[in-house]
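Anchor point for the sequence shown: position 92 equals 91 in numbering that gives the first Met the number 0, and the numbering is continuous, going up by one each time.
Errors might be hidden in some of the hints.
Unchecked claim - Ranges of calculated distance between the beta carbons of each label pair, as one might list FRET restraints:
| # | residue 1 | residue 2 | range |
| --- | --- | --- | --- |
| 1 | Asn99 | Thr2 | 19 to 25 angstroms |
| 2 | Val110 | Thr24 | 16 to 22 angstroms |
| 3 | Asn100 | Phe50 | 35 to 41 angstroms |
| 4 | Ala111 | Ala69 | 35 to 41 angstroms |
| 5 | Thr11 | Asn40 | 17 to 23 angstroms |
| 6 | Gly60 | Asn134 | 28 to 34 angstroms |
To be verified - Only pairs whose alpha carbons sit at most 20 angstroms apart, straight line, appear in this in silico DMTMM-like list of lysine to aspartate or glutamate:
| # | residue 1 | residue 2 |
| --- | --- | --- |
| 7 | Lys113 | Asp124 |
| 8 | Lys6 | Glu94 |
| 9 | Lys6 | Asp47 |
Because the hints were derived from the structure by calculation, they are not lab data.
Yeah, the Cβ is synthetic: ideal placement off N, Cα and C, and Gly gets one too.
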Amino acid sequence: MKTLILKRIAMTEYGTFGVLLINNTPFAVTVENPWLNNKSNISCIPSDTYFCKRVNSPKFGNTFEITNVANRSHILFHWGNRDDDTKGCILIAEEFGKINNEPSVLTSRNVAGKGFNEFINVFKDVDTFMIKIINIF
């Protein structure tokens with residue numbers, strides 16, 4: 000079973016920013032909500048190791064859900080640019096940048112081989128994997 004590592008590198012009022020690694024190689028960047036005591040829909044999840052499974056989301060289509068998070072459900076990997084887009088999920092993109100002068104992630108959707116599409120392509124033949132989330136800030 001593949002293990003994905005999310006290294007959270009910064010937490011600001013604009014979100015929690017990280018880097019996704021496979022086999023110790025970075026391949027995408029992330030943004031989540033800031034830490035707000037694991038409150039549903041407004042907080043990032045606690046750092047830990049979680050089981051992820053493929054799901055078909057009504058809004059995001061083919062993606063993965065992070066399971067077994069205490070007091071939380073429906074935590075997905077999906078596209079987006081700012082913590083306002085997450086609702087407690089993990090957004091996957093290609094690069095860090097700014098939108099309206101606020102820290103964001105860019106090239107998340109609609110670019111072949113980039114961001115969220117790259118993530119889905121890497122896991123195209125995988126239905127489950129583990130993710131280890133580490134805070135390094």
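Comparing the hints with the structure gives:
1. The given range of 19 to 25 angstroms is broken by Asn99 and Thr2, whose C-beta atoms sit roughly 36 angstroms from each other.
2. Evaluation of the 16 to 22 angstroms hint for Val110 and Thr24 yields a pass: the beta carbon distance comes to about 20 angstroms.
3. In this structure the supplied range 35 to 41 angstroms holds for Asn100 paired with Phe50, their Cβ-Cβ distance being about 38 angstroms.
4. Here the CB-CB span from Ala111 to Ala69 is close to 37 angstroms, well matched to the stated 35 to 41 angstroms.
5. Separation of Thr11 from Asn40 is about 19 angstroms and conforms to the stated range, judged on CB atoms against 17 to 23 angstroms.
6. Separated by about 30 angstroms at the C-beta atoms, Gly60 and Asn134 satisfy the suggested range of 28 to 34 angstroms.
7. Between Lys113 and Asp124 the CA atoms are separated by roughly 18 angstroms; this keeps the pair inside 20 angstroms, and the hint holds.
8. Restraint check: the Cα-Cα separation between Lys6 and Glu94 comes to about 15 angstroms, which is no more than 20 angstroms; the hinted pair holds.
9. Distance check on the hinted pair: Lys6 and Asp47 sit about 11 angstroms apart at the alpha-carbon level, within 20 angstroms; holds.
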